[in-house]
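A.B. asks: Guided by the hints, dock chains B, C and D onto chain A, whose structure is given.
Number of protein chains: 4
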Amino acid sequence: MARLEVPVQLRWSDMDAYAHVNNVEMLRLLEEARIEAFWRHPEAQDGTRPDATWPTAVLDAGPGAQTSTLVARQEIEYLVPLGYRRSPVVVEMWLGHLGGASLDVCYEVRDRPAADPTSTVYARATTTLVLVDSATGRPRRLGDVERAAWQKYVEAPVRHRRRPEA
Amino acid sequence: MARLEVPVQLRWSDMDAYAHVNNVEMLRLLEEARIEAFWRHPEAQDGTRPDATWPTAVLDAGPGAQTSTLVARQEIEYLVPLGYRRSPVVVEMWLGHLGGASLDVCYEVRDRPAADPTSTVYARATTTLVLVDSATGRPRRLGDVERAAWQKYVEAPVRHRRRPEA
Amino acid sequence: MARLEVPVQLRWSDMDAYAHVNNVEMLRLLEEARIEAFWRHPEAQDGTRPDATWPTAVLDAGPGAQTSTLVARQEIEYLVPLGYRRSPVVVEMWLGHLGGASLDVCYEVRDRPAADPTSTVYARATTTLVLVDSATGRPRRLGDVERAAWQKYVEAPVRHRRRPEA
Amino acid sequence: MARLEVPVQLRWSDMDAYAHVNNVEMLRLLEEARIEAFWRHPEAQDGTRPDATWPTAVLDAGPGAQTSTLVARQEIEYLVPLGYRRSPVVVEMWLGHLGGASLDVCYEVRDRPAADPTSTVYARATTTLVLVDSATGRPRRLGDVERAAWQKYVEAPVRHRRRPEA
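Residue numbers (the UniProt record's numbering), protein chains in the order written: chain A, 1 to 166; chain B, 1 to 166; chain C, 1 to 166; chain D, 1 to 166.
In isolation and in its complexed conformation, chain A is listed as follows (with noise of 0.2 angstroms):
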């Protein structure tokens, strides 16, 4: 059981006229943290950006690329207002769920690591994530390599506590 935590920087944009990270940007910044940690970033190889190694970058995401993702659900919870700050934020990413298919990323979005008994959690979130082959438009398996790499970081999926009743 592991987490993956991604520094994801803020810009001055994110913010809306209430001065507070707005609330659609906040599901940009879990897109950057999870691309940041599934996908390959080749340039990555040339040296240009040697701590680009996270374990679990296995989708490939160059033109052409075989696979796309197609998010199929997203649940958020905005727990603090998050103001601006230059530090990056951090993302705490698992997957609540290992699919045929299909994963489900979880998130919290923090002002400092988790280990850090006085951090700020943001938001909780929750992204169902469909793999695609490029080339049918229809969904494909997940491949060994994928379920290797992304296996360790299984866990129990975030508790939305505000749902409503269905």
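Read the hints as simulated data drawn from the structure, not as lab findings. Please note that the accuracy of each hint is not assured.
[To be verified] For each label pair, taking beta carbons as the anchor points, the in silico distance ranges come out as:
#1 D/A101 x A/G99: 55 to 65 angstroms
#2 D/P117 x A/D116: 40 to 50 angstroms
#3 A/G143 x C/V121: 50 to 60 angstroms
#4 C/L142 x A/P55: 48 to 58 angstroms
#5 B/T120 x D/L142: 53 to 63 angstroms
#6 C/S134 x A/L98: 32 to 42 angstroms
#7 B/A135 x A/P55: 48 to 58 angstroms
[Claimed, not checked] On the chain A side, residues computed to face chain C include the following (Cβ under 7 angstroms):
#8 M15
#9 A17
#10 A19
Glycine is no exception: its CB is placed at the ideal position from the N, C-alpha and C atoms.
C.D. replies: Just chains B, C and D now, with coordinates in the frame of chain A:
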């Protein structure tokens, strides 16, 4: 029982590198529909926008307004990829719940009004909004004008089918 | 000599933390006006958008289109801060230059049509577009249909007054 | 004579449907570089971001700050399409002009520092900033601290080669 149908114009930049409306931008479209339908827009009175008379538009949005709205939670399911189009999409909205200081806004994003049986649903979503007193930063209760304006749009909440077990 | 007047709807998210339309977003509004006026939008033919018949809309924008447009240069002056409003702004456009493979689009962003002498100009701008053959990635010359559609919108380029000495 | 080199992380959403960094988003990258280099970011002092010590970062950016900056003018040339990459781009900045109440910020966006002769320039740009007193909304003169911090970064302005005749 009634629904609000708000046309929202896509922007070309709503598309991402997959050439479909990006999953995060879809929530931007919901934000636009919500602001159109719930906030009062004073310029409507001076004749420049006679079509802005939503019966539900009773929140004061001007500078120095007494109320700000806080998004506490969102849930969205993406059913069909939304390609680029110049015709506005139709965001159908209703209220899944009117609480003491909060409300649940439910949405369906369609290519044409729901009355047209051939219309396609691209996404279903729910947003929980909390009304906040701008001066104190604390939640404040829905007022009589708001409740009167919004009551008839209350119906059963959107059913999110893909929700994982908690 | 004629000008194009394209209404563009602001989004609430166009505002930044200063509660005015952000300087970068202003160029987004220009992009929207340009796409509306110059690109052909096929859904106009199926009756869903009868108002889309710009005489200048002759570039093919569909998937697999033979032409893409490359923005080579932009220049913009911000004259008056643009506050939030629900009434669309009016982007007045004309062509400052029709070249062999490029054109200069000139803009004035106003609160109401230029014919109204009380209208306010928020920004003046120029974009140089290069037409590119999608298959080869190389510039291609303006065709007869394009030149015929665009010729009558050519007039003197916008005067940028604050341009520093080069 | 010196230049500032600010690394700016792309976001996947900076790409548009052409799968290159969108022309408008390029100005967003410049905004980020400018804010990083010119605004004081107080959290740097509490140890969370010791690397934030730009000598030029003397504008106060906190809530209730006495100065806001107004973008009066921008000019940008796009030289080479910028594809997606996880390694930050390098925004090289200098000051083309220090005026009484304004300054011209010049930029080159590169894939690696300018000292590397194999680096590619994607864009060249200039922004004219006006310092505004937040209380009065009127321009205010550059102060001694600002002038002292910024003076050594003044050099010849960027040469915009494609500028049309006025």
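A.B. asks: Against this structure, judge whether each hint is valid.
C.D. replies: Tested hints:
1. D/A101 x A/G99: 55 to 65 angstroms: holds, 59 angstroms
2. D/P117 x A/D116: 40 to 50 angstroms: This hint holds: roughly 43 angstroms between Cβ atoms.
3. A/G143 x C/V121: 50 to 60 angstroms: holds, 57 angstroms
4. C/L142 x A/P55: 48 to 58 angstroms: holds, 52 angstroms
5. B/T120 x D/L142: 53 to 63 angstroms: 56 angstroms Cβ-Cβ, so the 53 to 63 angstroms window holds.
6. C/S134 x A/L98: 32 to 42 angstroms: With a Cβ separation near 39 angstroms, C/S134 and A/L98 satisfy 32 to 42 angstroms, so the hint holds.
7. B/A135 x A/P55: 48 to 58 angstroms: holds, 49 angstroms
8. M15: A/M15 check passes; min Cβ-Cβ to chain C is 4 angstroms, inside 7 angstroms.
9. A17: Hint on A/A17: holds, closest Cβ of chain C at ~4 angstroms, below 7 angstroms.
10. A19: The hint holds - A/A19 has a Cβ within 7 angstroms of chain C, the shortest such distance being about 4 angstroms.
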